[in-house]
Amino acid sequence: MACHDYKDLMMGYLDEELSDEQKRRFEEHLAGCPECAGELKEFRRLKAITDEVTLMEPEDRLWQDYWSGVYNRIERGVGWAVFSVAAILLTIYGGFRAIEEIVRDPHVELIFKMGLLALLAGLAILFVSVLRERIYFWKKDRYKDVRR
Amino acid sequence: MSSVCQEEAIAMRRCRRGSPEAFEVLVNRYMKDAYCIALGLVGDREDAMDLSQEAFVRAYRNIKHVKPGRKFFPWFYQILKNLCVSHLRKRRHRQAASLDAEGCPEAAATEDCFSPEAVADRNEMKDRVWQAIGKLDDKHREVIILRHFQNMSYDEISEALFCNKGTVTSRLYYARKRLEELLGTANGGCINGVS
Chain A
1 MACHDYKDLM MGYLDEELSD EQKRRFEEHL AGCPECAGEL KEFRRLKAIT DEVTLMEPED
61 RLWQDYWSGV YNRIERGVGW AVFSVAAILL TIYGGFRAIE EIVRDPHVEL IFKMGLLALL
121 AGLAILFVSV LRERIYFWKK DRYKDVRR
Chain B
1 MSSVCQEEAI AMRRCRRGSP EAFEVLVNRY MKDAYCIALG LVGDREDAMD LSQEAFVRAY
61 RNIKHVKPGR KFFPWFYQIL KNLCVSHLRK RRHRQAASLD AEGCPEAAAT EDCFSPEAVA
121 DRNEMKDRVW QAIGKLDDKH REVIILRHFQ NMSYDEISEA LFCNKGTVTS RLYYARKRLE
181 ELLGTANGGC INGVS
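Chains as they are written, first to last, in our numbering: chain A, 1 to 148; chain B, 1 to 195.
These are calculated hints, taken from the structure and not from any lab test. The C-beta atom is built at its ideal place from N, Cα and C for all residues, glycine as well. Accuracy of the hints is not assured; some may be wrong.
Over the 12 Å line for every Cβ pair with chain A, so calculated as not near, a few chain B residues [unchecked claim]:
#: 1; residue: 17
#: 2; residue: 21
#: 3; residue: 49
#: 4; residue: 93
#: 5; residue: 138
Straight line, CA to CA, 27 Å or less: simulated DSS-like cross-link-like pairs of lysine-lysine [to be verified]:
#: 6; chain 1: B; residue 1: 67; chain 2: B; residue 2: 81
#: 7; chain 1: A; residue 1: 23; chain 2: B; residue 2: 32
#: 8; chain 1: B; residue 1: 126; chain 2: A; residue 2: 47
#: 9; chain 1: B; residue 1: 90; chain 2: B; residue 2: 71
#: 10; chain 1: A; residue 1: 47; chain 2: B; residue 2: 90
#: 11; chain 1: A; residue 1: 140; chain 2: B; residue 2: 165
#: 12; chain 1: B; residue 1: 81; chain 2: B; residue 2: 139
#: 13; chain 1: B; residue 1: 177; chain 2: B; residue 2: 126
#: 14; chain 1: B; residue 1: 81; chain 2: A; residue 2: 41
#: 15; chain 1: B; residue 1: 90; chain 2: B; residue 2: 135
#: 16; chain 1: B; residue 1: 67; chain 2: A; residue 2: 140
#: 17; chain 1: B; residue 1: 32; chain 2: A; residue 2: 140
#: 18; chain 1: A; residue 1: 7; chain 2: B; residue 2: 90
#: 19; chain 1: B; residue 1: 165; chain 2: B; residue 2: 90
#: 20; chain 1: B; residue 1: 139; chain 2: B; residue 2: 90
#: 21; chain 1: B; residue 1: 81; chain 2: A; residue 2: 23
#: 22; chain 1: A; residue 1: 113; chain 2: A; residue 2: 140
#: 23; chain 1: A; residue 1: 139; chain 2: B; residue 2: 67
#: 24; chain 1: A; residue 1: 47; chain 2: B; residue 2: 139
#: 25; chain 1: A; residue 1: 7; chain 2: B; residue 2: 67
#: 26; chain 1: A; residue 1: 47; chain 2: B; residue 2: 32
#: 27; chain 1: B; residue 1: 32; chain 2: B; residue 2: 81
#: 28; chain 1: A; residue 1: 41; chain 2: B; residue 2: 67
#: 29; chain 1: B; residue 1: 165; chain 2: A; residue 2: 139
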């Protein structure tokens, strides 16, 4: 085995993750390879430096409030979902009633009514087309079930 | 199965049925890990707190999709990591855009700025190490954080990263090599007296 093949064992040795057999094998290689011994020494130095760095923990108060922060977001998410559904329903209903009034109003010119209906028909076609495209690509997505 | 795993499996089952109380058990168990990992990945305390909480919210919304018998943390880690990576991408984009706007496009490919306030008992050496960690690639930084700051074993890291142990050791090797380069400790160089 070349020195390069021992890099995995070197990391395991450094982090005390090797089995007794792997450890013995690596130590045997180390005894006859000053290059790897030098590299290991440098890694040990780096590990000593890195191990000295610890991250600042937030105050206890923040940990006590942590769950309520998560819970509030969950609750607000539900609130927004309900609000959005209600807003969409009301908009559709209001829009439908407004269009109905315009169509039935004898004072509104026919050309305007036709334009409005054509606009709505166009919007409906676009919506269905985008929806159908989304469904098609979602069904073909090979990764949709990955990592659940 | 250990009692901790059993308790977690029960909590996950109850979460799937929509129990926030059960989810609180999981949040309390993993909130510190989540915060520290997010801090290690994005380098800013406020962002880390916000992203770790957001990851829990997304986990709660999607927990019904987790297959029974799967551990919570490796799955949750993927959500947290994706959020952090996406946050970093936006931050880099903003930094690049602002530097572009200032008329120095050569500096636009900027590295992440890791705030030194994230480090406990600060000194010059620790600040330099922290800054160097901030300059690592995302995948290299990730293994350094999990190994050095979370003290995770190779098995735990490979489970969290969905890769084999060989990939973990290989990434650790190249991450440490890069750290040595950044800190100038390779080939006998020293940093603040550590030699």
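Checklist entry - Among all the numbered hints in the text so far, which are the ones the structure does not match? => result Those not satisfied are hints 2, 3, 7, 9, 10, 11, 14, 17, 18, 19, 21, 22, 25, 28, 29.
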